[in-house]
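Enquirer: Just so you know, the sequences run in chain order A and B.
Mapping the first sequence onto full-length UniProt numbering, position 144 (from 1) lands on 144, and the numbers just tick up by one.
Mapping the second sequence onto full-length UniProt numbering, position 93 (from 1) lands on 93, and the numbers just tick up by one.
Hint data in this document are derived by calculation from the structure and do not stem from the laboratory.
Do not rely on the hints blindly, as some may be mistaken.
[To be verified] Here are the simulated DSS-like cross-link-like pairs (lysine-lysine), alpha carbons at most 27 Å apart as the crow flies:
1. A:39 - B:237
2. B:170 - B:25
3. A:170 - B:144
4. B:280 - A:421
5. A:144 - B:170
6. B:280 - A:395
7. B:280 - A:391
8. A:280 - B:421
9. A:280 - B:280
10. A:364 - B:421
11. B:170 - B:93
12. B:170 - B:318
13. B:25 - B:79
From a predicted model like this one, the values you see are computed outputs, not experimental measurements.
There are 2 protein chains.
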Amino acid sequence: MTAEIWDVIIVGAGLSGLNAAHLLKKRNAKLRILVLEGKDRVGGRTVSTNIPAANGIDRWDLGGQWVGSTQTHILELIKELGLETFLQFNIGKKVLHMGGPDARVRTYRTSIPALSPAVLIDFTHLLWKIDRLCATVCVQDPSKTPNAVELDSMTLHSYIEQHAWTAELKEEIGLCTRSVFGMEPSQMSFLFFLMYAAAAGGLLPLLENTAGSAQEFKIRGGTQQLSECLAEHVGWKNVRLGSAVTAIWQDAEWARVTTATDTFLCRAVIVTCPPHLAAKIHYEPALPSQREFLTQNMPVGHMIKFIITYQKAFWKEKGLSGEIVTGASTDSPIAVTFDATSPSGNAALVGFIAGQQASQWTSKERRRAVISSLVKYLGPEAASFIHYEEKDWAKEEYSGGCPVNVMAPGLLTYYHPSLRKPCGRLHWAGTETATQWCGYMSGAVQSGQRAALEVLAELCPMTLTQEEQEAVQRSLNVGSPAQQPSSTLSGLPTRKTAVVAVLMLSAALFLVHRPNALLKVKAYLTNVVFKKTV
Amino acid sequence: MTAEIWDVIIVGAGLSGLNAAHLLKKRNAKLRILVLEGKDRVGGRTVSTNIPAANGIDRWDLGGQWVGSTQTHILELIKELGLETFLQFNIGKKVLHMGGPDARVRTYRTSIPALSPAVLIDFTHLLWKIDRLCATVCVQDPSKTPNAVELDSMTLHSYIEQHAWTAELKEEIGLCTRSVFGMEPSQMSFLFFLMYAAAAGGLLPLLENTAGSAQEFKIRGGTQQLSECLAEHVGWKNVRLGSAVTAIWQDAEWARVTTATDTFLCRAVIVTCPPHLAAKIHYEPALPSQREFLTQNMPVGHMIKFIITYQKAFWKEKGLSGEIVTGASTDSPIAVTFDATSPSGNAALVGFIAGQQASQWTSKERRRAVISSLVKYLGPEAASFIHYEEKDWAKEEYSGGCPVNVMAPGLLTYYHPSLRKPCGRLHWAGTETATQWCGYMSGAVQSGQRAALEVLAELCPMTLTQEEQEAVQRSLNVGSPAQQPSSTLSGLPTRKTAVVAVLMLSAALFLVHRPNALLKVKAYLTNVVFKKTV
Chain A
1 MTAEIWDVII VGAGLSGLNA AHLLKKRNAK LRILVLEGKD RVGGRTVSTN
51 IPAANGIDRW DLGGQWVGST QTHILELIKE LGLETFLQFN IGKKVLHMGG
101 PDARVRTYRT SIPALSPAVL IDFTHLLWKI DRLCATVCVQ DPSKTPNAVE
151 LDSMTLHSYI EQHAWTAELK EEIGLCTRSV FGMEPSQMSF LFFLMYAAAA
201 GGLLPLLENT AGSAQEFKIR GGTQQLSECL AEHVGWKNVR LGSAVTAIWQ
251 DAEWARVTTA TDTFLCRAVI VTCPPHLAAK IHYEPALPSQ REFLTQNMPV
301 GHMIKFIITY QKAFWKEKGL SGEIVTGAST DSPIAVTFDA TSPSGNAALV
351 GFIAGQQASQ WTSKERRRAV ISSLVKYLGP EAASFIHYEE KDWAKEEYSG
401 GCPVNVMAPG LLTYYHPSLR KPCGRLHWAG TETATQWCGY MSGAVQSGQR
451 AALEVLAELC PMTLTQEEQE AVQRSLNVGS PAQQPSSTLS GLPTRKTAVV
501 AVLMLSAALF LVHRPNALLK VKAYLTNVVF KKTV
Chain B
1 MTAEIWDVII VGAGLSGLNA AHLLKKRNAK LRILVLEGKD RVGGRTVSTN
51 IPAANGIDRW DLGGQWVGST QTHILELIKE LGLETFLQFN IGKKVLHMGG
101 PDARVRTYRT SIPALSPAVL IDFTHLLWKI DRLCATVCVQ DPSKTPNAVE
151 LDSMTLHSYI EQHAWTAELK EEIGLCTRSV FGMEPSQMSF LFFLMYAAAA
201 GGLLPLLENT AGSAQEFKIR GGTQQLSECL AEHVGWKNVR LGSAVTAIWQ
251 DAEWARVTTA TDTFLCRAVI VTCPPHLAAK IHYEPALPSQ REFLTQNMPV
301 GHMIKFIITY QKAFWKEKGL SGEIVTGAST DSPIAVTFDA TSPSGNAALV
351 GFIAGQQASQ WTSKERRRAV ISSLVKYLGP EAASFIHYEE KDWAKEEYSG
401 GCPVNVMAPG LLTYYHPSLR KPCGRLHWAG TETATQWCGY MSGAVQSGQR
451 AALEVLAELC PMTLTQEEQE AVQRSLNVGS PAQQPSSTLS GLPTRKTAVV
501 AVLMLSAALF LVHRPNALLK VKAYLTNVVF KKTV
């Protein structure tokens, strides 16, 4: 077996790896860059597919689909590649079902669900506490967060049990965790949860589909185009599909990367695959124990996404937005749905089955349960669909889960520094290593850029500006006293906001039994308290 | 590449794999059994080595070393193989250092540490609560434990924060967790902790070195002999060292097992390696998602073991047992030490550096810090040692950690059934899959037996007795209503014990400020409350 020689090998042809390759090429066209990918396609956790629809065939995303206006890294890339975005439709009444199969199905119009007064107060209070904690989190080095050990020693579930008062809010948080992470609140460190929210600018941006939040825009033609365009720029001859990396050896001169059939030599490697897959690669010399302990403890979520197409968007005609939110206590397998009508007008809904619920149903039962839930919440028209398309990301080879790997308790304070720290010629990227919108497509792009700059600093430092060289140094020196204790995105609630929140709480408490006045309070809370913090 | 044909292939030549092979051979001598091992030795997490000592060279264990009289599976094997055990020396004063570098170093003679009265009461109360919970745990199917979801949604740390009152007890629990699991209390599910203790008959048996506990006996000549004798019985020609399994394919007729250089076909496979290593093997068809999610969330502990030899056991001459217990708050890297004088009289100490502390020191600093700690606690003679031998199990290839994999929160209630559930021709063993003394050598032996019986039930059911066939069915049908809600070993505290504990608590509270009377209370607590429950 003779080895091909390259300058840089990138493991994984998702957004992170291809963006790293793209940046390397842009800075130094002479660099020989090879991207190795286990799957038979580019895009990683983004994949777009043709689905039968009202006017023939149309295209939908079965993986990552949304971007938001504070996600600067992905927005710049979208602009550079000449792609277009369009708003997530969210006009009309939303449906909420919590508290068991027999509980009342409620509708609401605000971005905050139709919570009962007590739950709303509970939610406001909890949100205020979590956002205050978020503001103290050091995303770059979470061990520097005040009280880090304690926050990392408990699960999100334990925090909620201690600080939420109402059963409904606890159920809501479970739903949010499933929708955002594909996981239960019991499975992640509370400090990790705070770090993740801080990297997005607060908790609400993770949950909403309003301006600045995670579910704001979609990409016309689908998100997989981003990776396809990048592969085009990098050159398809430099992207090998069906080439899963099995081992990486390093010596004084070379890194040697092997797949089942080939061997490659190079000067630097960027590993971009999710931590649980990076952990399956054989490394020689072995990686530092801390790195191994870290990647062995970053479970990936379980998310099943479905797209269901219709002749027309009957929900809109009924004044519904298409958004349904259901708790695990109901008999619906759905966590959340949204309108997914295409820019060319083909009516569709998109939905997610996530966390524990994704393991509870067989494929056939699940489909039947999804349809009957849609009928229950949107009306009998939901049964007359054109096509039901589903993707269980746990079953996707070289993904094994979606949307993101979280951290179990007790990791961030001990092992976190090894998340981004290069090991010799090995550099680490992937959305899990991002410090802004970690876990999202934007984080993938940021992490690819950061790793590319690290490699350039090693192989051709002259291609970097002074600022970039300093940024690389700062990233490599996490733990230095100069570190800022907060993400630049972090939505710092001011003292004023805190005072407003407390006042609102008192007022809301007073109004608990006055339903008419309550609607105004809700609107006020939504506009004044929530919007100001993001 | 032509494939060799075998009946059964066993992945891993530790106690579990070799015991499975041994049992298969005993039941059906015609079965062609091959054991594949990545390391260049047998024994897995047991390894014995020659170390310079007072009278020349002697042999010590650098991995698993203790057995106890309730560990029936390993005791039967020891007997069958004709090996001998000897008691762990524990006569004399023990040293305890908790509460920071400047806290008083205390000594005590009982099996329970020299706790202050308030801490002793706190400990009694906590132990009583934990043992009561242990008695409710269904080891075979932890999701059947009352309140399972809640117990599995919190870390051990969170439980201790809620239920222990004194800072010293919290520090003690940290020390116990490090010593038993090589891990911090923040890193494991509280339900997992309860299950682990229940599988050992309660919490105290995990911690003590008295009759029936985990640290009762050692094996003359070392524990690796067990695996070496088993390999002898199985036939060394059937054990291939340096043969790490990289992939397992299954079709209707065969399982195909590959290493870097060879391919084997067989009818059944038993995978015995620790879960985080089993997760690195490539499986086709892919394993069920639940199994993948489980093994991705079972972190292994970090344990460094040292043996230090001396001209004479100077600690005994001073009336000390050699047992030192130090908290993470002190400047000592040691979690715990014991006398390790060999049966032929070569003086030695054995000690453990575990959990977070195992990551904090470089090898050179650590050795210096260990010696200076021994000098501090045992006297200046500790500096004049013959030899210092150390093993960092995190750096051992095809182990990557020791002594055991735990479960992070949120797993037992969702994914646990896949721990032992066969996947086609694939069967799972290893101490993590045991239901009695899970995590110990005895658990490894039990799990190997269970997996061997599963394979026999498939390949040659006539070799099984009726009881064995039923046992296999019971094990495969975890979740059936006939399941007993408690391990047979579980030390059920009776109502009487509970009453005694409450009475003792009241008495102890009364005696808090009467130090003379306190010694009697301690002895009483130790004899009446603790011993009765195990």
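Enquirer: Given the hint that residue 25 of chain B pairs with residue 79 of chain B, test it: the Cα-Cα distance must not exceed 27 Å.
Expert: At roughly 18 Å apart (the allowed maximum being 27 Å), residue 79 of chain B and residue 25 of chain B satisfy the hint.
Enquirer: Mind checking the alpha carbons of residue 170 of chain B and residue 25 of chain B for me, to see if they're no more than 27 Å apart?
Expert: Between residue 170 of chain B and residue 25 of chain B the Cα gap is close to 48 Å, so the pair fails against 27 Å, i.e. violated.
Enquirer: Given the hinted pair residue 280 of chain A and residue 280 of chain B, is their Cα-Cα distance within 27 Å?
Expert: With a Cα-Cα distance of about 5 Å, the restraint between residue 280 of chain A and residue 280 of chain B holds, given a limit of 27 Å.
Enquirer: Is the Cα-Cα distance between residue 280 of chain B and residue 391 of chain A 27 Å or less?
Expert: holds (24 Å)
Enquirer: Does residue 421 of chain B lie within 27 Å of residue 280 of chain A when you go C-alpha to C-alpha?
Expert: With Cα atoms ~22 Å apart, residue 280 of chain A and residue 421 of chain B stay inside 27 Å; holds.
Enquirer: Are the Cα atoms of residue 39 of chain A and residue 237 of chain B separated by 27 Å or less?
Expert: violated (39 Å)
Enquirer: Please work out if residue 170 of chain B and residue 93 of chain B have their alpha carbons no farther apart than 27 Å.
Expert: Holds, at roughly 23 Å.
Enquirer: Take a quick look at whether residue 170 of chain A and residue 144 of chain B sit within 27 Å of each other, Cα to Cα.
Expert: holds (23 Å)
Enquirer: Is the Cα-Cα distance between residue 144 of chain A and residue 170 of chain B 27 Å or less?
Expert: Between residue 144 of chain A and residue 170 of chain B the Cα gap is close to 23 Å, so the pair holds against 27 Å.
Enquirer: Does the structure keep residue 170 of chain B and residue 318 of chain B at a Cα separation of 27 Å or less?
Expert: violated (31 Å)
Enquirer: Is the hinted pair residue 280 of chain B and residue 395 of chain A satisfied, with a Cα-Cα distance of at most 27 Å?
Expert: Distance ~17 Å between residue 280 of chain B and residue 395 of chain A Cα, so the pair holds.
Enquirer: Holds or violated: residue 364 of chain A with residue 421 of chain B, Cα cutoff 27 Å?
Expert: holds (23 Å)
Going through the hint list in order, the structure does not satisfy hints 1, 2 and 12.
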